[in-house]
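Protein chains: 2
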Amino acid sequence: MTEEEEMVVTPWEVSGKIDYEKLIQQFGTQPITDELLERLKKHTGKLHLQLQRKLFFSHRDLDWILDRYEAGQKFVLYTGRGPSGPVHIGHLVPWIFTKHLQDAFDAKLIFQMTDDEKFLVHPELTLEKSVGFTYDNALDVIAVGFDPEKTVILSDVKHISAQYEIAIQVAKRVTFSTVKAVFGFEDSSNIGIIFFPAMQAVPCFLESALTGKNVPCLIPAAIDQDPYWRVTRDIAPKLGYYKPAQIHCRFLPGLGKGGKMSASLPETSIFTTDTPEDVERKIWNAFTGGKPTEREQKKLGGDPAICTIFYYFYYLFEESNDRMEELERECRSGENICGDCKKILADRVNLFLKEHQRKREKARNIVEKFFIK
Amino acid sequence: MTEEEEMVVTPWEVSGKIDYEKLIQQFGTQPITDELLERLKKHTGKLHLQLQRKLFFSHRDLDWILDRYEAGQKFVLYTGRGPSGPVHIGHLVPWIFTKHLQDAFDAKLIFQMTDDEKFLVHPELTLEKSVGFTYDNALDVIAVGFDPEKTVILSDVKHISAQYEIAIQVAKRVTFSTVKAVFGFEDSSNIGIIFFPAMQAVPCFLESALTGKNVPCLIPAAIDQDPYWRVTRDIAPKLGYYKPAQIHCRFLPGLGKGGKMSASLPETSIFTTDTPEDVERKIWNAFTGGKPTEREQKKLGGDPAICTIFYYFYYLFEESNDRMEELERECRSGENICGDCKKILADRVNLFLKEHQRKREKARNIVEKFFIK
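For the protein sequence lines, the chains are A and X, in the order given.
For the first sequence, position 215 matches number 215 in the working numbering, and the numbering has no gaps at all.
For the second sequence, position 152 matches number 152 in the working numbering, and the numbering has no gaps at all.
Source of the hints: derived by calculation from the structure; they are not laboratory data.
Owing to the predicted nature of the structure, the values given are computational and were not obtained by experimental measurement.
Please note: incorrect hints may appear among the correct ones.
It does not matter which identical chain is meant; a pair holds if it fits inside one copy or across any two.
[Stated by the list, open to error] In silico lysine to any residue, SDA-like type, Cα no more than 20 Å apart, as pairs:
1) Lys238 <-> Leu125
2) Lys373 <-> Glu165
3) Lys373 <-> Ser161
4) Lys158 <-> Ile372
Generate the whole structure from the sequences, applying the supplied hints.
Shown next as structure tokens:
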């Protein structure tokens, strides 16, 4: 492990080689067991690829959510996005899964755009830009196919009036000590970002506050966001609400070496608005498990375990288990070289993006319908 | 001074015997000089009683506000109220003066109800109660006679959408270190109250943000609120706005011994909704400079310098300087005993309250007109 960077996973930073077993231990969450998968399957039919492949791998109280559901009590889904730039494919992963849950459980979705957070965290980001990304990114959310009748998108900045009353009820019960310990805030942190954990808690309780009933909430999100809702879970009973349940996914790696896909490294991220040429170039330059020369690779084979191209097939672009096994064998044996895989992946990504971009343009006509009234 | 309590003046607590000279030094503000009073008089005509009697005694940049005004640039007024209970006469003092400034300078007034702050600070106060006091207290504000065409009342909770964008722009530039030093926040403080100083800054910049022009702002308020705007003044230039100017008043003492009038000591406060009997009882039990027995007082005289009744005449209920001198002489000589003064004051307070209560009831019909749209 000497040449690996140290693993860092916080809501602000994800870097190094991620050890997911260790994350479950560190964060104190539960692994998604085969038994739980069987239970989910009863409700969803075929198991979603992201569950089959354990992209979603950890949870809090998912079993309890199913208890409630089986007892006839519906839950709301909550996920979100910090709009500090354009959306890349990594962002779509939990959204695609969330849409699957919306369809399978006929659930309302609350989607929070934390444009206040991004403005408060990034020194150079203006409020106008941050809110601009909210509107831009909402097109990607809608393009995923959420039901307009059952989905609301909230901008923290533009829809604060729907959120502030709940936020200050949360904030009253969370001390600086707590957010210092959980998020590593310091005396030099600004007072906006110190308040922000209260904002990220709001959608957990919004449906309950609106309906006057206690409505369970399930949050599909990348595991780095877990600390927010750990704090939320602690104070939920004090407000008379259920603790939000969570289902956690891995990070889709960037096309570079290590870490999650990040908009701050644009050449290692495939944005939803990239042209086919962008996609080809980025994939062509991706980090793989290949050998330095074609001759060596044909002789010794590649290592799919560290290959970003392989990850993309596995988590998003190759549904067939048989074909995945074949791809792995062809790589290890040297039968396929990296260029072969890159070409197949680029075609699939471009096929996917062509459709996404079409839906994204159509979303412009209905985006206002999705924002909370 | 051995029997005096220590002077404590913060936005949360005012107690002990207040030394106003020392406050000017401690807070680093400017005294209102005779020269400045002369300058004000040119615009306001007769000098307002609260300036004559130096109830308003300190300022920041009041001279600069007059420079701007004389150069043809109008300013907005900003004051407010933390609605944690009913309004007492002490609260009306700066409002009455603010109305005078509104009339004299034809100025728009922004009146902020910090119902979020009160909810966040008082463990037992619910959000419903705090917002309820906003609506109740607004009746008292309106009864003071502000121009409905030039006055907006903001509830932080109910009108957050008009304020949040400015608040987070302020918050981004204020660290926990700063609010710790200025307000004495600690690690055990809740994250809502840590954010709150950003909310109290908002009305300083609201008119500028709404009009896209840089509009000077003058804040008449009790001096204990100065720390909020000291922080605001520090960051104003970073946002491209003028620093808010201030004019500070003393605290109207309660009817007990020492400190300001406080709703938490109801028998020492005259509430705007008190009955004539309440007023008589409270004034009858007030702390005065009288002697233990009538015989002693007739012989030795009383001490108006420590008498709360005398304060009330001086700051609110006796406009004539000649009559004030007479009252002082009659007290010191033993010519009048406390009961005489109490009777006169109770009559005047009840006369004032009768009229205030009439206007307060009428305000119910127009209160919605005052709230920001």
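Hint check results:
1. When the C-alpha separation of Lys238 and Leu125 is checked against a cutoff of 20 Å, the pair qualifies only between copies, where the shortest distance is 15 Å, while the shortest distance within a copy is 35 Å.
2. When the C-alpha separation of Lys373 and Glu165 is checked against a cutoff of 20 Å, the pair qualifies both within a copy, at 16 Å, and between copies, at 19 Å.
3. Taking identical chains as interchangeable, the C-alpha atoms of Lys373 and Ser161 lie at most 20 Å apart whether they share a chain (10 Å) or sit on different chains (13 Å).
4. Taking the shortest alpha-carbon separations for Lys158 and Ile372, both the intra-copy value of 10 Å and the inter-copy value of 17 Å come in at or below 20 Å.
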